[in-house]
Each structure stands twice: as structure tokens, then as C-alpha cells.
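A.B. asks: Protein sequence lines correspond, in order, to chains A and B.
Quick note, the first sequence lines up with residues 1 to 318 if you use our numbering.
Quick note, the second sequence lines up with residues 1 to 318 if you use our numbering.
Check the hints yourself; a few may be wrong.
[What the hints assert, rightly or not] Straight-line Cα separation of at most 25 Å, PhoX-like style, residue types lysine-lysine; simulated pairs:
| id | chain 1 | residue 1 | chain 2 | residue 2 |
| --- | --- | --- | --- | --- |
| 1 | A | K293 | B | K293 |
| 2 | A | K297 | A | K135 |
| 3 | B | K55 | B | K3 |
| 4 | B | K94 | A | K135 |
| 5 | B | K293 | A | K94 |
[To be verified] Listing some non-contacts, in silico: residues in chain A with all C-beta distances to chain B over 12 Å:
| id | residue |
| --- | --- |
| 6 | V85 |
| 7 | G168 |
| 8 | A198 |
| 9 | R215 |
| 10 | T221 |
None of these hints come from the bench; they were simulated from the model.
Each residue gets a CB set at the ideal place from its N, CA and C atoms; glycine is no exception.
There are 2 protein chains.
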Amino acid sequence: MDKEYVVGIDVGGQTTKIGIVNRRGEIVKQCVISSKYNAGEAALFEDAVASAVEKLISESSLKKEQVKGIGMGAPDGNYYDGTIVDAMNLPWAKGRVTPIAADIKERTGLPVIVTNDANAAAIGEMTYGAAKGMKDFIMITLGTGVGSGIVVNGSLVYGHDGFAGELGHTRIVRHNGRPCGCGLCGCLEAYASAIGVARTAREWLDMSDEPSLLRKVDEITSKDIFLAAEQGDALAIRVFEYTGRILGTAFADFVPFSAPEAIVLFGGLARAWKYIEQPILKAMNENVVFLWKNKVKLIHSTLPESDAAILGASALAW
Amino acid sequence: MDKEYVVGIDVGGQTTKIGIVNRRGEIVKQCVISSKYNAGEAALFEDAVASAVEKLISESSLKKEQVKGIGMGAPDGNYYDGTIVDAMNLPWAKGRVTPIAADIKERTGLPVIVTNDANAAAIGEMTYGAAKGMKDFIMITLGTGVGSGIVVNGSLVYGHDGFAGELGHTRIVRHNGRPCGCGLCGCLEAYASAIGVARTAREWLDMSDEPSLLRKVDEITSKDIFLAAEQGDALAIRVFEYTGRILGTAFADFVPFSAPEAIVLFGGLARAWKYIEQPILKAMNENVVFLWKNKVKLIHSTLPESDAAILGASALAW
């Protein structure tokens with residue numbers, strides 16, 4: 001029997017999305033389960049994933065023999081050994097090594113390949129999205145954190161240990177930088193993640209009396225800032241411009257590494273594209289060495305966001 | 001007839017080294033010619049290279065049929081199209097595109113492959129030197145400038161345009177940085193090249209009355225600083241420590257990109273290894289995200305310096 005389907009799984013901090021994908025890159029059936037399990041409950045999460053996979057397969061009237069395998073994108077997922085290593089945002093995977101590929105394989109009988117979520121998104125974008133046909137690009141995921149997937153000569157860069165592409169933890173501010181969740185200060189993630197953007201807004205509101213719609217909000221999120229910007233709020237718009245400048249300055253240092261054709265933005269913050277695109281381009285081109293001035297494309301993902309991660313993860317399994 | 005030899009050519013700012021290399025990676029015969037030709041004299045340089053190659057072949061009692069080809073490392077050499085593009089330190093190659101591979105092939109009848117000098121050094125190190133057997137490492141060349149060659153999964157990273165690996169032009173100082181020859185300010189090269197080290201010494205001598213052997217030197221070079229350090233000169237030793245700290249801080253931002261097994265130092269400044277090794281390691285491990293703390297090796301080239309560039313270039317031709 002031809003193996004005409006794969007399963008793509010995107011493990012996020014809040015929810016895990018699971019989809020069955022055919023050879024044309026169409027998600028034929030999908031579901032969402034919770035990722036919220038406590039410390040010590042990795043097995044419960046794995047049981048839930050396995051049950052959901054079995055259920056999706058049977059609901060799609062497929063036999064398991066038609067499914068080639070499972071591709072999984074997860075925070076701190078390691079391609080080489082199929083583990084999740086000390087994932088900060090997943091209590092059940094924090095401070096330990098979770099052999100998730102082996103565990104899910106044991107529960108489903110299907111081969112499982114794991115990589116980190118940003119790598120999965122990069123593969124999705126290269127296989128089905130904005131980076132189709134590109135051999136050299138850098139994917140930057142702007143979500144709760146800042147992740148990255150780096151493609152060199154058509155292949156994902158995994159590095160010596162499988163963890164390559166942690167560009168969110170390069171230093172954009174070397175002196176007096178904000179503390180980052182990783183323990184360092186001044187990381188790109190501390191400024192350009194959804195949380196980083198909210199921090200910028202709160203800092204700026206504290207520093208002046210400038211009127212802003214955001215003053216009415218108790219716990220400011222990046223979505224609040226986006227909504228305020230949409231209503232013309234000057235401070236909110238400047239927060240995005242500043243975030244764009246930070247990103248562009250960082251990209252100027254990424255480009256000399258791999259000379260990418262494009263930098264592809266993906267994730268929640270990329271929704272604020274119209275506010276961040278020009279500041280990114282300006283800062284990137286002002287700060288990059290002459291070889292690449294005005295030469296590197298900046299694009300944002302064209303995949304429906306909910307699908308991209310599933311598709312990317314699934315592409316691993318072919 | 002078996003093609004048992006290749007020619008390796010290392011084009012430097014002052015001299016060009018040419019060697020005939022056998023399959024065991026031994027340089028069987030070599031010579032050095034001048035690289036100093038003026039603007040408009042590229043053809044004269046190419047004639048000189050071709051004559052030297054022909055002479056070496058005949059002096060080695062070889063037939064040209066025994067030579068498989070020529071590998072060439074040159075500043076701003078482009079692997080994809082065999083050109084040298086606007087090389088700052090070569091007057092005859094500055095402000096123009098020199099199709100050096102085609103030109104030398106026309107003159108010698110031998111196929112020619114070009115890459116930049118740091119890439120050639122990385123290939124040499126991987127084929128014959130300290131990085132033998134490594135699939136993921138970053139080579140940093142500390143010479144007149146700061147170059148880099150990045151190896152990912154056993155292959156050199158060339159990037160979309162062939163110019164990948166210009167880590168000397170990432171920003172180590174974002175505010176008030178020193179002007180760099182490339183037009184930016186605060187580049188790693190402005191601090192950690194031989195010229196950068198000399199700039200540090202001159203700045204520090206101007207800033208205080210601290211006694212130093214270097215005060216007797218008119219035009220301080222990195223060699224003068226090394227010799228002073230060897231005599232116990234405190235300021236000279238601190239210059240190297242500072243340079244090491246700058247390098248380590250920069251490396252901490254390179255590591256998250258490709259998760260290398262090692263960073264390999266090569267070139268003139270690597271001679272000051274005993275002064276820079278510990279400061280580099282300390283700064284790298286303090287500034288890198290936890291995934292790689294105390295995990296990335298720092299090594300220096302074990303190839304005889306004069307040979308490494310020839311060997312690296314020659315390895316391109318196999």
C-alpha cells in the first residue's frame with residue numbers, strides 16, 4: 001500500500017496542533033489539543049498526542065499503513081536524537097530531556113522525526129510557502145519568543161548538536177540590555193518577541209505622560225498594541241517602529257553569516273507587517289556591510305498561520 | 001595519465017603563494033610572487049601567476065596532464081562565478097570585477113576554482129588540519145582583516161551570492177564604534193584584526209601615561225605588541241586580553257547560528273594565542289546562551305601558516 005499521508009504536529013506553549021497531510025501539502029483533517037501538562041506529566045501529554053493521532057487517522061477513514069510517519073516541531077526539539085531538551089515554556093518538558101520521538105513512536109507504531117518549531121516553520125515555508133524554490137534563507141519566527149530556522153544550500157542547519165538557529169539569543173543590546181528569560185541580558189528575544197514588544201510599551205508609558213490608548217489596558221499584550229496602532233495611537237505605532245529597527249539591526253549581523261536570498265518573517269508579530277516592514281528594511285540596509293546593501297529580500301510568510309507549522313512539521317516526515 | 005597533483009594559490013595583499021600539492025596533501029614545490037600591481041594591471045598579475053604555475057610544473061618534472069587543476073583563495077573571491085569582486089586590499093582588483101578564474105584558465109589551460117581566502121583556509125583546516133573530521137566549525141582568520149569560513153554539515157557555506165562568511169563585518173560595538181574600512185562603524189574587524197589591535201594600543205597609549213615599551217615605537221604593529229608582551233609589557237598584554245574579550249563576545253553571537261563543534265583561529269594574531277585564549281573563552285562562555293556554555297571548543301590552526309592557505313586552496317581543485 002502506498003504511503004500517501006503524513007502527520008504533522010506543532011507543539012506550542014498553549015496548544016498542540018495535529019494534522020494529516022497528503023502529498024499535495026493539503027491538510028485533510030486536523031485537531032487541536034492542550035499542551036498544558038505539569039512537571040512530571042510528559043507521559044500524559046504523549047498519551048494525549050498518540051490518542052489524537054489515532055483518532056484523526058480513523059476519522060479520515062485511513063489505515064495506519066497509509067501513513068508514512070510523523071513530523072513534529074517542538075520548542076527545543078532536537079533533530080539528531082528526537083528529544084525535547086529543557087523547554088522553558090513547557091512545564092512537563094522543562095529541566096529534563098524528553099525522548100518524545102521514541103515515546104510517540106512506541107505509542108503509535110509510526111516513525112517520528114522531531115525538530116524545533118522554527119525549523120519546522122522554515123521547512124514548511126520552503127516546501128509550500130513564500131520561500132519555495134529558495135536555497136538560502138533565514139526564517140525568523142516572532143511569537144512568544146524569537147526563533148529561527150536557517151536554510152543553507154537547500155538544507156536546514158542543525159549544527160554539531162542539533163540546536164543551531166537560536167538567533168533570538170544573540171545580543172542586540174550589549175550594555176544595559178533587558179534581562180531575557182534565558183539568563184542573558186540584551187537578547188533579541190527580549191525586544192522583538194510578543195513579550196518584548198509589550199515590555200517596550202510598558203517602559204515607554206512609564207517614562208512619559210504621552211497620551212495613549214494603551215494606558216487603559218491592564219496587562220498589555222502585543223495584540224493590544226496592534227489594535228491601538230490600528231486606531232492611530234502614536235505610541236503604539238512607535239513601539240512597532242522601534243521593534244522593526246531592533247530587528248533590522250540584528251538582521252544586518254545575520255546576513256554576513258549565510259548571505260541569504262531573503263529573511264522570512266513568520267508568527268504573530270508578522271501581522272504588524274505594515275508597521276515593521278519599512279523600519280526593518282531601513283535598519284538592515286543601514287547596518288549591513290556594503291556587499292548586501294539593498295540586496296536581501298524581506299518577506300513574510302504566505303502560509304495560513306495555523307497551517308504553516310503543521311505543514312512544516314509534516315514535511316519532515318516525507 | 002592519472003591526475004595526481006593540483007596547484008594551490010593563495011592571493012594575499014602583499015604576496016601570492018603558489019604550490020604544487022600531491023594527493024597526500026604535501027606541497028612538493030612552491031614559490032612566492034608579488035601581489036603588488038596597480039589599478040589597471042590585473043592582466044600583468046595574471047600573467048605573472050600563469051608563468052609561475054608553468055615554471056613550478058616544469059621544475060617539478062611534471063607534465064601538465066598530471067595536474068588536475070588550480071584552486072585559488074583570494075580576498076573577495078567568489079566561488080560561484082570565479083571572480084574577485086572589489087577587493088579593498090588589492091589595487092588591481094579594487095572597484096572592479098576581475099574574472100580571475102577564466103583569465104588564469106585561459107593562460108594555463110587548467111581549470112580554476114576560486115573562493116575567498118578565509119574559505120580556502122577553512123577547507124585546508126578541514127582537509128589537513130585541526131578541524132579534520134569536523135562537520136560543523138567556524139574558521140576565523142585574524143590577519144590584516146578578520147575573515148571567516150563557515151562549515152555546516154561538512155560543506156562550506158557560500159550563500160545565495162557566494163559571499164557568505166563575512167563575520168569580520170558584524171557589529172561588536174553598536175554605539176560609538178570605531179570606523180571600519182568597509183564604511184560601517186564598530187565592526188569586529190576594526191578591533192580584532194592586526195590593524196585593529198594596533199589601533200587599540202595607540203588609543204590606550206594616548207589615554208594615559210602608563211609606561212610601555214610601545215611608547216618607543218613609531219608605527220606600532222601587532223608584531224610590536226606581541227614582542228612587548230613577550231617582554232612582560234603590561235599594556236601590551238592588556239591589549240591582547242581586550243582583543244580576546246572582543247573576539248569571545250562576538251563568538252557568543254556566532255555560535256547560536258550554526259552550533260559549531262569548534263571555532264578555529266588562524267592567521268597572524270593567532271600567534272598571540274597564549275594571551276588571547278583564556279579571555280576569548282571567558283567572554284564566549286559568559287555571553288553565549290546556556291545551550292552552549294562551556295561546550296564549544298576553541299582551537300588554533302595546527303597547519304604551518306605558510307602552507308595552510310596553499311593547502312586549503314589546493315583542496316578546492318580535487
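A.B. asks: Are the hints correct? Go through all of them and say.
C.D. replies: Structure-based check of all given hints:
Between the alpha carbons of K293 of chain A and K293 of chain B the distance comes to roughly 33 Å, so the proposed pair goes past 25 Å and is violated. With a CA separation close to 13 Å, the supplied pair K297 of chain A and K135 of chain A stays within the 25 Å bound. The hinted pair formed by K55 of chain B and K3 of chain B meets the criterion: a straight-line CA distance of about 18 Å does not exceed 25 Å. Distance restraint check for K94 of chain B and K135 of chain A: the Cα-Cα separation of roughly 30 Å exceeds the 25 Å cut-off, and the hinted pair is therefore not satisfied.
As the CA atoms of K293 of chain B and K94 of chain A are separated by approximately 18 Å, the hinted pair is consistent with the 25 Å bound. Interface exclusion of V85 of chain A from chain B breaks down, the closest Cβ pair being 8 Å apart, not more than 12 Å. With a closest Cβ-Cβ approach of about 8 Å to chain B, G168 of chain A is found to fall inside the 12 Å limit, against its non-interface label. No Cβ of chain B comes within 12 Å of the Cβ of A198 of chain A; the nearest lies about 22 Å off, and the non-interface call holds.
Residue-level check passed: R215 of chain A sits 31 Å from the nearest beta carbon of chain B, beyond 12 Å. At roughly 25 Å, the least C-beta separation between T221 of chain A and chain B is larger than 12 Å, which holds for a residue marked as non-interface.
Figure legend: structure checked against the earlier numbered hints; hints not met, in rising order: 1, 4, 6 and 7.
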